[in-house]
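Asks: For the protein sequence lines, the chains are A and B, in the order given.
Note that UniProt numbering has the first sequence beginning at 1, numbered continuously upward.
Note that UniProt numbering has the second sequence beginning at 1, numbered continuously upward.
Please keep in mind that the hints were generated in silico from the structure rather than gathered at the bench.
Glycine included, every Cβ here is placed at the ideal spot set by N, Cα and C.
Treat the hints loosely; a few may be bogus.
As the list claims (entries may be wrong) - Distance ranges between label pairs, derived from CB positions: (1) 42(A) <-> 11(B): 51 to 61 Å; (2) 482(B) <-> 121(A): 43 to 53 Å; (3) 121(A) <-> 842(B): 56 to 66 Å.
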Amino acid sequence: MAETTTEAKPRKLLPISQPISVLPTDVARIYTHIHPILILSLYYLCFPSLVADPVTTLKQALAPLAHLQITYCVVCLPPSKGSSTSPSTSSATPKKKKVTFAKPIAKPPASLKSRIIPAVFSLFLSLSLSAPLLTVILILFGAPLTTHFWHNLLCATHISLLGVLPLFYVHGVDARMWREISGACLPFDEVWGGLVGSILGAWLGAVPIPLDWDREWQKWPVTIVTGAYIGWFVFRYAGGYLLRGKRIEFD
Amino acid sequence: MSQRLSILTLTIANLLIPLAILIFATGFFPYKPFIAGRASYGDGKDGKNDNKYGTAPFDKVVFMVVDALRSDFVYSNHSGFTFTQSLIRSGAAMPFTAHATSPTITMPRVKAMTTGSIPSFLDVILNFAESDTTSSLANQDTWLSQLKDKPEGKLVMYGDDTWLKLFPSVFARADGTSSFFVSDFTEVDNNVTRHVPLEMRQSDWNGMIIHYLGLDHIGHKAGPRSPHMIPKQAEMDDIVKQIYQAIETEKHLQSTLLVVCGDHGMNEAGNHGGSAEGETSPALVFLSPKFRTISGGSESPLVVPESSFEYYTTVEQSDIAPTLAGLLGFPIPLNNLGVFIPELLAFWDDDVKLHLMQQNARQILDIVRGTFPGLPFDGTTDGNGCASLNSDGETLDCLWSWATKSLDPPGYGDGAEALRAYTEFSKRAQNVMSSTASNYDVGRLHIGIVLAGLATVACHTTASTALSESRSSGLWTSSVIILYGAMMFASSYVEEEQHFWYWASSGWLAWLFLKQHSTLPMGGFWKAWLSVPLLAILRVIRVWNQTGQKHAGEPDIAKTLLPAHNSILWLLVLATYLDVVQRLSRRALPWTSRRVSFAASLALGLTALSFKVDFTKADAPELLDGLHLFFFLRPMKEASLIAQARALFIGIMALLLLSIFPVINKRASQAGKVEDIAQPPVDAGMLTDEVSALRPLHDLFTLFLMTQSRATNIPLFLLFEIQCNILDLVELSGVEMTLTSHLFQYASFFAFGGSNAISSIDLSNAYNGVAGYNVVAVGILTFCGNWAGPLWWTSATALLLSKRRNQGRRRRWFEHVSVLTAFVSSGVLSVMLACMALRTHLFIWTVFSPKYLYSMAWSMGQHLCINIGLGSLLYWVETS
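With the sequences and hints as input, model every part of the structure.
Replies: Here it is, written out as structure tokens:
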């Protein structure tokens, strides 16, 4: 549904963001491919008990998911440059059609400690800010309000850890950046692709629920969580390669 | 494409749509011809219907129908039928579950029980067009006419007036009751019961029909677990007792058969019309002291697996007709497809048993011959290995041979085997003849599909210009078309269609949010956030009425929350009426003083509210429990509801005419002046609200739609109004507006409680202001009552589109209509393809046929008459 193009039309809100690249180390380049496999394996292992008891399973899976995502951020992604400075080298109007990638962050990684602290901070933000917000969004989209509150909260937390945590890590809390994010104007990369994919997947995950197959996995929120994980996986790669640098086109 | 050519193409597309629908419908719902005339004994050349064994055990019948008497109401542990259950234990009552085929509504069911045939789906339409004479059974062969034709035959009837409509001038004495208000649990039944003792003393009749409606009303109102249910069952049981004891004691009644049955059952929400097991499983009990001679009694109450309704032996509802023919000794009705219930054959010795079954089989054979004209059915084919044949006709032919050959040579054949063979033949024939694939006119189905395809192609060429302007809206539009089309092939998505529209609408609103957020200028960000309240209201609307199949009857706002807190309900209703009145008072009658228009609006609003309160008092009194406050709002409670409704409609009409004509005149004179001075024409968008002709029209239309809605749904109009006002602030392009309107029209239909099942048709407001059976008026009011949401959004869309200033006005409306036509024609095409491809599917009569009827209403009613007809009129009024 999202038409994409590299052409940067003049916008009212000029997006200044650039696609993120994986850190230029061998470990990062390898782990960025191992990570999604680990995440999907975690999901696959949890699936039977997710169907049997969603709340407990989603709760128990939070810790491993958070660990994996933090590890991923620390190993593979460049941390944000603090809250106030926008990336200095990026120009507000990318004139060239070919966007040059990874130039601003091609430096070798900073010390481990200076990467772990923002990662933990991102975890805190994604649990306290984006998880409640995503719960509200889930409910606005039709999640059962009165009967499945914990299901919704945990489902939103999973989406938040999957999609939003790395975004906090790489973009920090820069206001302008987040205005771009809330308008979905970021260029695709594997982080932004992950968020778009998990939300789109969660939305599409509602499709099989009304079918009269009477399967146990059709119950709330199994399909939503499944959609989010699969969407995250697909769009993570799509954003990292196929769509890289393109933006969602609204016109 | 030039302007003129595209208008022509669009017109052709819109003319093709109804044509395609009607041609397809005639092929899909063929009119079943019936064999005219009456069956009589000894009229057949091969001795069929011969009554040489005239030993019928009964000479009179009391046929007691209890509407919606589901099997478990009589047979289970939680039943009020204690006396009937004691008779079942003693053997004086023979219990069955009588399978009713879909559509499970009263008229087709009565037709099935009396003629023994399987009524076509066409009867659903005829059931709503009740005065239609083609549905009359006066000229058909039924067990009623057979009873009446007997010497001394005389019939009496008390209860549901459906019988009087189906059998005009058949009954010697009758008193019909109509099921006007389902809130009436007692009066409607007392009107029947008071005749029973009198008739029990009369000896002049040989057939008495009583049809009770109270139990069905309780179901519709409060579901099968209502606290009223058991007392009502006990009341019915008491009538059974009364009649049974009369049979035992009165001499002239000693050979009387009492039949107690339901015409259909009900689902867990208390509704019927569809094919859930509860709806298709009514009870059927034959009672008479004579049954003790053939039956040792059965266990009662009986426990069956949960959510099963199969008690004792399950028979077909049409089996009632031949069984009564045998038990009362008259020829089997000509169009019968029922099979004599084998358990009741025990009255006779083997010879007569065989004779009865043979008679039954021969009568069915006449119908089978008509359906398979190419096959011999003369007993010449090999009668062995019938099960291995793959064509239905050949199997029947083979079974018939088996039956005739087992009697060879006459008088020496194997009687027991022949009995088995005839039974097998009849059952198989019943199965085949009532199955679906037999009589589609496939040629017409193809023509319909081709025409719908042409319409789709035609309107897509005109819509493509509008859609190509914005890639994202074009993509959304085509996604909605494709997904909706694909959905029509899955029965559960058809049943749960509401989810699609809620799901797509919320996705679309989120998309609008993102789009506005990224394209609006920095200072206008707040406008993007307008999508959030839109989404929040949509979230409330979608839980207003639980609809569909899977979750019908679960807690929601309209049926659970508001009845429990009825003061909140009436405050919301009051707020909705006040909102309309205040808007109306500012815009109605623009040529008078403010004070006059306020007085007129207030008077009209009060009339409308007072009618709604009075109507609710009659239709759903529990919603007014403990609310004496509101009774001062009933200034007209002395007047009949019909008079009130008429006064209200006349008031709305008068205010409407008085409000718009002056404005149009004024505008016409303005436009004339403008032309004189040769200035560019005034942009009508610059008109202030005071001169807007559409605004008061829209408000009056809202008032009319509120009159046509249930009290619990009225607050939805307030929510719609808020949504509409928000949409007015959001800057949407023409196509975006059209798509929003389309999504909201469908979503609102389901939010009002609509679905794709016949059982969800709401007839409660169909008779507002109508005294008799005026098909046209009742049809229009039914449509307005059920499509109130979509109708409202049509008017709101005309209002919203007419305010946009950035484009040629006529062109914008043309694009709106062409995109809507694209939606509708492709929707119709996919429904037709689904019905065509799945015409042998198990669910064809229960899911896809009702869906076809609904899509007829959507495309011919909502699209052609409302979106194009009324919408264009409103748009023209506003912009001319």
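Asks: Can you list which hints this structure breaks, lowest number first?
Replies: Of the numbered hints, all hold.
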